[in-house]
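*Asks:* With these hints in hand, go ahead and build the complete structure from the sequences.
4 protein chains.
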Amino acid sequence: MSILIKRGDIFTAADNYVADILVEDEKIRAIGIDLVAEADKTIDAEGKYIIPGGIDPHTHLDFPFAGTVTSDDFRTGTIAAAFGGTTSIVDFAVQQRGHSLSESLEIWHKKAEGKAAIDYGFHMIVVDLPDNRLPDLDEMVREGVTSFKLFMAYPGSVMVDDETIFKTLCRAADNGALVCLHAEHGHMIDVLVKRALAEGNTAPKYHAVTRPPITEAEATHRGIRMAAVAGAPVYFVHLSCAEALQEVQESRTRQKYVYAETCPHYLTLDNSVYEQEGFEGAKYVCTPPIREKWDQDALWNGLRRNDLQVVSTDHCAFRFADQKSMGRDSFAKIPNGAPGIENRLSLLYTGGVVSGLIDMNRLVDVFSTTPAKLFQLYPRKGTIAVGGDADIVIFDPNEETTISARTHHMNVDYNMYEGMRVKGTPQVVISRGKVIIEKGHYAGTPGNGHFLKRGTQK
Amino acid sequence: MSILIKRGDIFTAADNYVADILVEDEKIRAIGIDLVAEADKTIDAEGKYIIPGGIDPHTHLDFPFAGTVTSDDFRTGTIAAAFGGTTSIVDFAVQQRGHSLSESLEIWHKKAEGKAAIDYGFHMIVVDLPDNRLPDLDEMVREGVTSFKLFMAYPGSVMVDDETIFKTLCRAADNGALVCLHAEHGHMIDVLVKRALAEGNTAPKYHAVTRPPITEAEATHRGIRMAAVAGAPVYFVHLSCAEALQEVQESRTRQKYVYAETCPHYLTLDNSVYEQEGFEGAKYVCTPPIREKWDQDALWNGLRRNDLQVVSTDHCAFRFADQKSMGRDSFAKIPNGAPGIENRLSLLYTGGVVSGLIDMNRLVDVFSTTPAKLFQLYPRKGTIAVGGDADIVIFDPNEETTISARTHHMNVDYNMYEGMRVKGTPQVVISRGKVIIEKGHYAGTPGNGHFLKRGTQK
Amino acid sequence: MSILIKRGDIFTAADNYVADILVEDEKIRAIGIDLVAEADKTIDAEGKYIIPGGIDPHTHLDFPFAGTVTSDDFRTGTIAAAFGGTTSIVDFAVQQRGHSLSESLEIWHKKAEGKAAIDYGFHMIVVDLPDNRLPDLDEMVREGVTSFKLFMAYPGSVMVDDETIFKTLCRAADNGALVCLHAEHGHMIDVLVKRALAEGNTAPKYHAVTRPPITEAEATHRGIRMAAVAGAPVYFVHLSCAEALQEVQESRTRQKYVYAETCPHYLTLDNSVYEQEGFEGAKYVCTPPIREKWDQDALWNGLRRNDLQVVSTDHCAFRFADQKSMGRDSFAKIPNGAPGIENRLSLLYTGGVVSGLIDMNRLVDVFSTTPAKLFQLYPRKGTIAVGGDADIVIFDPNEETTISARTHHMNVDYNMYEGMRVKGTPQVVISRGKVIIEKGHYAGTPGNGHFLKRGTQK
Amino acid sequence: MSILIKRGDIFTAADNYVADILVEDEKIRAIGIDLVAEADKTIDAEGKYIIPGGIDPHTHLDFPFAGTVTSDDFRTGTIAAAFGGTTSIVDFAVQQRGHSLSESLEIWHKKAEGKAAIDYGFHMIVVDLPDNRLPDLDEMVREGVTSFKLFMAYPGSVMVDDETIFKTLCRAADNGALVCLHAEHGHMIDVLVKRALAEGNTAPKYHAVTRPPITEAEATHRGIRMAAVAGAPVYFVHLSCAEALQEVQESRTRQKYVYAETCPHYLTLDNSVYEQEGFEGAKYVCTPPIREKWDQDALWNGLRRNDLQVVSTDHCAFRFADQKSMGRDSFAKIPNGAPGIENRLSLLYTGGVVSGLIDMNRLVDVFSTTPAKLFQLYPRKGTIAVGGDADIVIFDPNEETTISARTHHMNVDYNMYEGMRVKGTPQVVISRGKVIIEKGHYAGTPGNGHFLKRGTQK
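Which chain is which? The protein sequence lines are Y, X, A and H, in order.
For the first sequence, my numbering assigns the number 458 to the last residue and increments by one with no breaks.
For the second sequence, my numbering assigns the number 1458 to the last residue and increments by one with no breaks.
For the third sequence, my numbering assigns the number 2458 to the last residue and increments by one with no breaks.
For the fourth sequence, my numbering assigns the number 3458 to the last residue and increments by one with no breaks.
Certain hints may be false.
[Stated by the list, open to error] Quick partial rundown of chain A residues pointing at chain H, CB under 8 angstroms, derived from the structure:
{"no.": "1", "residue": "Lys2167"}
{"no.": "2", "residue": "His2187"}
{"no.": "3", "residue": "Met2188"}
{"no.": "4", "residue": "Pro2212"}
{"no.": "5", "residue": "Ile2214"}
{"no.": "6", "residue": "Glu2218"}
Because the hints were derived from the structure by calculation, they are not lab data.
As the structure is a prediction and not an experimental result, all values here were calculated from the model.
All C-beta atoms in this analysis are idealised placements derived from N, C-alpha and C, irrespective of residue type, glycine included.
*Replies:* This is how it looks when you write it as structure tokens:
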């Protein structure tokens, strides 16, 4: 199978030029001016942008949480991802308390096999790490699961104490894994939540009120310091606000390996969403909550300045009708999470590139190249270069669409960006040399996505 | 009983002038030029400095710790304090785990009664605070014990988790108490200590190595943030290093009530003390440990700039012969603490005033006035002013002495400053209108010190 | 002549207590409880605050500027000052270009002699300093004029280049003088003014638009750096905004002697004053201009934190009717300056103490004690202490008044605070032992104010 | 003419992969796996690095300064550059005082024509800019000279005042030029130099002593602020120290277009060079001077963090024998400048990549890609991409050489790095499709370098 893409406007994280691309089997074979080649399929890409397929390193498919399970599984979720120009994900497996990490990994392998439409890897969420289970971390690394996530929030549930975090960081410093932290000060939040409920403040908007930015910034600061002492890299998931960003920013001058991602909802929405009538605010109940309007400016600036390196989706879909509604009487019972795996590219392009806050090179970088490098998929994934996997998005920078739950492909009954007009659409998406999205239809085969065994930090 | 002090060079936290002082009964009655008065005793203070008696808000007398008890009790400790120009202390009572705070307070009242040579108050160390014990905090406030101390270090012993700290801060925001924090990240330190011991690093110097400045700075930062969310003042005890100071400094611009004390050993000694031969380093095993030479500069600068407001001693004496020696095989078993209640004034004067780092007004401020204000003893204590308690030090700025365990009055067999030559000596010390130190002798009566019922934060 | 002030509530920069004060001749003789003394005059001060007379180190009386002369001379200006609780000023003499400093000083001595109602000193404004005139600076110091002011603004007029500033700082490092800087980047402002006028923007509000905070902050930063290299102290006059304050604040941690004053108009007014109809905005045309509302918070915070040490008035009165009106066609022709010598104390008390931003001790400090210390008038001036000059204000903290040009004593036809309701009034003002203000009347004799020969920086 | 480069290890600013490159005429025609093509010349690059030819945006060839002329002209200088892997330079034309910019540009065109071995562009140094000459700036932009340099140092020579700088920045904000600043506070330095000479301190080392880092940092801060008010981008040449870097770093968060370059001598040497015996220190007399050892760490860190974007050489060669020696009696008479155009790549590779401070992508970025982008030569220059100029370096990462004046190709009798062992050597250098360096010999033709008409800032 070969594809010849003609005269596309190619963007990498650093470069921009017009050329032809020849794909053979699963790889990019050649790039050139007026390439002469016989290909099974030729695509005229004149006037279109060619970018590497996206890497989304933060998704929760088929994920058990708060007594329910996320509504997108590996089939629906990865197809939706493909529609949005994403050709690889790194999803979260979660340790069962008291069980070995490999037992949990096995469960996740089964969830994904035969279903995934695009390639996928796993992080492992650690909830319980007595000293005798420390070797489990090394085993995960050998299995290609080279990143661990720990929660500084949710006491009584997945939260671990600082001893566990610090020990994991110390181990990661040795075995080359990357520790990912959910940074919120769980204890303060818990007291604030109890106080709010005791005062009768049960509406969705109190979810945001009881998780002020300082609780995220504090945990971010603490995580950075623990990583410094451990001599380990650290990666903050879903950074949402200026205060936490400032902690990352200050640290990066003196501490070499501090990384953070943000998400499209933090870049695009503000906390007025919680002021909507009735229970509508529940749609936006995710952690951290959506912040102030001005935090958006700080986050875009952070992306531009490389204080934030990645934009992921934290896709964690719960249906509004029968899942979010579990919290009608108390915001504390609303399953935390929101869908978005399909909308990342258009939101980044519209909010970032069209508005002049970042350029296309930077979009490619945070959407694909840096996630691939940080999570050890590069150079196989993450760029348009000869020899790499042919994960390619042909993107029309001019086509406008309206985001809506009626038309999206995620298996969830609402969209956080309902009615938003966005510019720029993936027209063709190629995964390992096969066209899987074309003319608005899924043209692939679930199960063609492979598990990505990832490497370790250099 | 009346005393007329003639022509002393009077220093307050702001002023400096030469005048006569008339003391009647326990109070300062008048200050004037050539006061005409018939007094029981007249002291010629020409050429001497007159300063308010010191307030030492951090002492551990008769304190049970690490399976032993500090060697100075309320008699020996307060007499030593008086020799050093200190006329009030605030000592630490400690909650017995599982018991009410009032039970513990009762024990401490008994320890002090009939023994104290100078006035005293108590802080209460909280180790265990289920929700149903929160009203105990209010009771303490009513008893005049208006400050609580919590430990962020020593997991498995006195350390409390962030939930306890945050709840105490929230309660203090309501009842006007002041929360004092021992800021070190206990979990990181614990892992580092275990690792050091596992590697066979048991000598006293590893005490310092396993408690790096970043562990103190992190905890300081965290305490500041919890106080901010709680809307409560916070006071950091024994701040030892530039990194922690920077946290305090940055916060004080935006957060009104962040306070910190340092101690003479952090201002005067550096971590070369741990490099001495044999077990000598154990004499300096206190928490936080003694830091780098250049940290001293930062601390003096912090005192000058008012980023540090108080100099206390953290007097916590253990005999070298039979108490410190418990840790000969492992630095982790050395009782943490060091003596110093007697040396504060001379060290501050020599290291600070003589060397030009602070002036006499600032010395008075950190030695007496601000501790009196912060711990709600002012204006009864803390200055030389008409109407206040006659707690007065007549200080010879020129007399030089050599510090030594052979001549000091603390009940402990070593002195951290052994052999150090200092300038400036308290010659006469007056406590509530009575001369208790004169001509190098204790002239008072143990038990004359009264319990100081303290007020709340304004 | 003796005065006995009974039971006043005395405030110094550090202390607060109730006592009697005995004044004899020009000095405070004694302070005590129930002082028994025969005095020529006894004042019952129960319930009143007793504070030291204010020191205003920034006034322009009888000052030639922009082709006119300020409307208050040494008689009217100092009487107005006394009504406001100020008992000493340091006014600005200005070098005549091409003339020696002593010639200019002579002129100012003549302006003040026989007219001043309170004591006064001089700074010298240097406009022209070839190398051969450097010894003039030393001569001024010998004459007790121990501070020099230089302008970084007004190119073509009083502005000097950085070479002159740096050379003056180097000389001051040797002779103990204090260099005061008017910090605004004159060149940028000049270009902006020309551009505004070219665009037809001639109204008073463009005065503020063409002097943005960054122009003040830049000059402040530059002045601090030049002082650092010279090894000299530096004092910034009329600091007006958060950005400049931040420069001072950051520098004070590493550079020992950086000082700054702000003024009541920056603490109290915001730039909406320039939006008034017609030419009203001209009343507020002073340099720097009045800033944003939120700058006020930063300045009060700076006062509280001691990043600002002094509040002066920068009293520089021009009549609205026939002086300000010179700029009806162009804001650039409005004489820069505004009156305020009389209103400092009430504004500080109302805006600072009543609203809880600073306490009374801090008010005394910035109003009197620190100006006295910095400009070398202490301990003769600047506090309530035995042996000092009896410059005393008896202040009623509860009396409310309304500020108005109809009732003020300044010789100018408007008041920036017209109609503002303030709390706290000086009831009796004593200057060197004589009552000069009582029952709302001036009871002194012009000419009784003496020249204050000031000392050098320690 | 075509060249096929086989199996090179290609690095761009973002990517790294192994492929073949086909060059036809002056351009890169194709990149692919096992490219099949008939080429005039085939180069086996297996095991070699392929990087884009360097852009050196800071050179002084045939440059009149301090009464002499730099020893490298456009022929010798550009050949030496080519040996060092540099295929484009942007050199400095300098305005003759009182003359138009176009007159000066004409002179420089003549200096370069027929001599340059590689492509070249010009910046214009502005020394004299009355309002009526402002349109000259626009003319330069039309001529493709789209960057201006101004000096904040050298009063009485090329220094301009802040009015000139600010007006140039304002004009550049309109016409899209980039203003480059030499940031040192000339007035302070001048006073310090005079004082040093007056004290008899005439040796080369006083060159460094009289230009302390704070003088550079201050000017950097000032330039940033002027650019902010003007709304213009700004580029700081030869940033040398941590203090100046911090100014750039802080500004880049809030000010979008602040750029700075550093040079290999600041990254590699420290001020101990000035302590050498005799007059040796004169070899290192350049401005700013070489700084402390620890400044190097800050600069490398700044490169890594993208607070510094470019490494240029500031090549400004004066012979030691008869040019530097003009300052034997006074360091102030030593011509300021040092050679280095040939050594940039090896020094960056050895000091940065081999030691792990930056990676190869970052080397390519600061050596070629970002200079090309900032100075508007991209995408024609600055990367390895299809369609771009075939300016290619085949670099052997393992070959070690010793830097020496005996073997270098610069026309100057010393080398700052004499005897330094470096790793990594350009083996083949291709300029616009022609091999100009091969097997250690120059294989090109002087005059084949073309003038590069550059574009404006976006």
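*Asks:* Does the nearest C-beta of chain H fall within a distance shorter than 8 angstroms of the C-beta of His2187/A?
*Replies:* 4 angstroms, holds
*Asks:* A closest beta-carbon separation below 8 angstroms is what the hint needs, so does Pro2212/A meet it against chain H?
*Replies:* Where the cut-off is 8 angstroms and the nearest Cβ of chain H is about 7 angstroms from Pro2212/A, the hint holds.
*Asks:* Taking the least C-beta to C-beta distance, is Ile2214/A closer than 8 angstroms to chain H?
*Replies:* 6 angstroms, holds
*Asks:* Restraint: Glu2218/A near chain H, CB-CB cut 8 angstroms. Satisfied or not?
*Replies:* Since chain H brings a Cβ to about 4 angstroms from Glu2218/A, closer than 8 angstroms, the hint holds.
*Asks:* How about Met2188/A: closest beta carbon in chain H under 8 angstroms, or not?
*Replies:* With Cβ-Cβ at 5 angstroms, under 8 angstroms, it holds.
*Asks:* Answer holds if the nearest beta-carbon of chain H is closer than 8 angstroms to that of Lys2167/A; otherwise answer violated.
*Replies:* Where the cut-off is 8 angstroms and the nearest Cβ of chain H is about 6 angstroms from Lys2167/A, the hint holds.
Checked against the numbered hints above, the structure breaks none of them.
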